[in-house]
Amino acid sequence: MAALTLCLLGSPLLHAQDPIHLEATNSADRIRLAVANFKPQTGDANTGAYKQTFDTTLFSDLTSAGLFDVVSKDMLPQSTPGFPAEINLTQWSAAPSSAAMVAFGNLSTQGNHLVVSGFLDDTKNTQFPQVFAKQYNEEASEDNARQIAHRFADEIIFRLGGGVSGIAETKIYYVKILGPNKEIYEMDYDGANQHAITHLGTVSLSPRVSPDNSRIAFSTLGRDGFQLKMFSLLLNRPVNFNSAGGTNLSPAWSPSGQQLAFSSSRTGDPEIWISDPEGNIAHKITAFRGPDVSPTWNPKTGAQIAWISGRSGLPQLYIMDADGSGITRLTDGGYATSPSWSPNGQFITFAWDRKYGPGAPGGQDIYIMEIASKKWIQLTHDGGRCDFPSWSPDGRHIVYANSPDGKADHTRIMSMLADGTQKKALTGSGADMPNWSWK
Amino acid sequence: MISKQTLTWKSIVLSAAAFAAIAVTGCHKKSTLPPSSAMAPDTTMPAPTASISADPLAIDIGQSVVLNWRTTNATSVSIDGIGQVPINGTQTVSPANSTNFHLVAKGDGGVTEANVRVTVRVPEVPTAPVGNVSNDGPMGSEAAFHQNVQDIFFGYDSFDLSPEAKTSVSMAASYLTSHPAIKLLIGGYCDDRGSAEYNITLGENRANSAKTALVEAGVAPGRIRVVSYGKERQFCTDETDACWQQNRRAQFSLDR
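Which chain is which? The protein sequence lines are A and B, in order.
Sequential numbering of the first sequence, starting at 7, is according to my numbering.
Sequential numbering of the second sequence, starting at 33, is according to my numbering.
Chain A with its partners taken away, still in its complex shape:
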């Protein structure tokens, strides 16, 4: 759990540039975890392929969790234990694997079903080593082999990670660039299983999944400009959303799932509005000349909204109460966009170009700001243009869009730990505006 220990340097004498310290646990503090290859039991010709998928996915999930010092597979003992009776724990706790915990188990296909038994053992507890045992039984398929690995990984993370649920079963919604058009897509948190949600043949932007994973709100370019749309993931079709003129875009779900904040120019100037999830009982909460856009709720309290406003010139990051009172500006200049509020309510991640303007040498990078102190740290450096950060539900990861050469159609989706380490691409070119599911 110490993965993202916050070291707040509180001295007022410190310069605003070196403020908060989001520090990943260094390897000495992390639990040393060995992940054995699972033992194939019985079954048809596909068992080997399922086992390969399962082993790879499980190892990747536990490595990218940012919680464990996962033992390299080269250092594991030669044996492949499939059951608790088959494991010799001293082999695993001894050098070079030196594991404190071992995940192992077996996998078989029985008829049409894929059956996986997973175990987690504590090597130091010789008398009662078993931490837990789980059995999974699903229809046999590549995708289910991957999903079972995600569920087993999440169980291990939940048991060893201080009670915070893992994210291996979460989804990322994003915009796929298809020539002049853009459609809404979905993928697993690790970039696998990319597939289309919408087929509208126009430009769709800003997908935001509801807290219960039942609907996606987004905006679509039509005859009257960008309008909000709602897509039901349960019915697999668009459902009604009422708009009342002007341009409507950048939806944001309240954590209750009962309200939607968005930008609307129905009264002329783009302002932040709040409605119910059908677009009814809409009311305006900002009133100031200039663009107001990209709201995000405090997911911890549901009582505050951060958003982007151009009321004083270049776009800046602001927060306010959900009734529009208590407006506070957080950024001190530059060009700030695309806020996402951390699950614990303490931080906002956003994109910032601190030197924006004609001839200015600025780059657009991902930043985190601690709201209480307005202190910030920069998470991306010199990697090209970055935008649209979105926090994972465990608060340990951030997904974002990155274009290495700044060209819009070269944009891809990357993820990293919330301290800026372990950056990796989840998609190839042509993917933008990621949104991490709430669970």
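These aren't lab readings, by the way, just hints derived from the structure by calculation.
Keep in mind that the hints are not guaranteed to be accurate.
Far from chain A by the CB rule (all over 12 Å, computed), these chain B residues [stated by the list, open to error]: (1) I84; (2) D92; (3) V117; (4) S126; (5) R153; (6) L193; (7) S194; (8) A205.
Simulated coverage check for chain B against chain A, where a stretch passes if three residues somewhere in it have a Cβ under 8 Å from a Cβ of chain A [said to hold, decoys possible]: (9) 222-230; (10) 233-242; (11) 260-273.
Ideal placement from N, C-alpha and C gives every residue a C-beta, glycine not left out.
Given the structure of chain A, go ahead and fit chain B onto it with the hints provided.
Chain B alone, transformed into the frame defined by chain A:
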């Protein structure tokens, strides 16, 4: 093992809180931030100033116009389409069509831009035979529309109408008033720097600035449809100042 882990975590949280309270700098061991001096703007050198004017602002095709520019604190000055020029100067040009002369003044204190638009009047096309008019419908010809209702351009991150834009709008308003059948689509566009969502709202404000000016000049609001495209559907994708200026516009078209 699990309880030990939890304890460790608690103690780390506690110690982090203690750090915050007594302002210990010891845990700041991995600063990857650049030194503050690199972040601060260079305030010792004054920013350049620049202005450019054209006389006359509108010509018939084949005539020439005198550009006149003045800068201060600039070390290098360029005008798009002309290239490097002296920091102060005049030049006679004879553009073949309406041109935005875009001046960039660079100095130690930063970069400043200035613009002037020269409108070139193309001779009226001979009136088409009556039989062809019906092809254009009640809205009139596309060519006549674009000749009289010209796109207007904006400064970066701005949705205020420049003096040239106001001239364009009043010309457009008189044409639209005399052609009451025309319905108009105003598209708001932004350059492709900046962020997609913000640019849609900025494009909306640009298109609405143009609409408001037309309505104030007597065009019925019901004749005007506004669509902001932001930075979607760009027709110029080069990463140049000229292209960015092209994209920062309110574009008028017939809403057939």
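Verification of the supplied hints:
With a least beta-carbon separation of about 15 Å from chain A, I84/B lies farther than 12 Å from that chain, consistent with its non-interface assignment. In this structure D92/B is separated from chain A by more than 12 Å, as the shortest Cβ-Cβ distance comes to about 33 Å. No beta-carbon of chain A comes within 12 Å of the beta-carbon of V117/B; the shortest separation is about 17 Å. The non-interface label for S126/B is consistent with chain A: the shortest C-beta to C-beta separation is roughly 28 Å, beyond 12 Å.
The beta carbon of R153/B sits about 31 Å from the closest Cβ of chain A, which is more than 12 Å, so the claim that it is off the interface holds. At roughly 14 Å from the closest C-beta of chain A, the C-beta of L193/B stays outside 12 Å, upholding its exclusion from the interface. Non-interface call for S194/B relative to chain A: holds, since the shortest CB-CB distance, roughly 16 Å, exceeds 12 Å. Against chain A, the non-interface label of A205/B holds: every CB pair exceeds 12 Å, the least being about 19 Å.
Counting residues of the stretch 222-230 of chain B whose beta carbon lies closer than 8 Å to any beta carbon of chain A gives 7, which meets the minimum of three for the stated coverage. With 5 residues having a Cβ less than 8 Å from any Cβ of chain A, the stretch 233-242 of chain B passes the three-residue criterion, so the hint holds. For the stretch 260-273 of chain B, the proposed coverage by chain A is satisfied: 9 residues have a C-beta within less than 8 Å of a C-beta in that chain, meeting the threshold of three.
The structure is consistent with each of the numbered hints, conforming to all of them.
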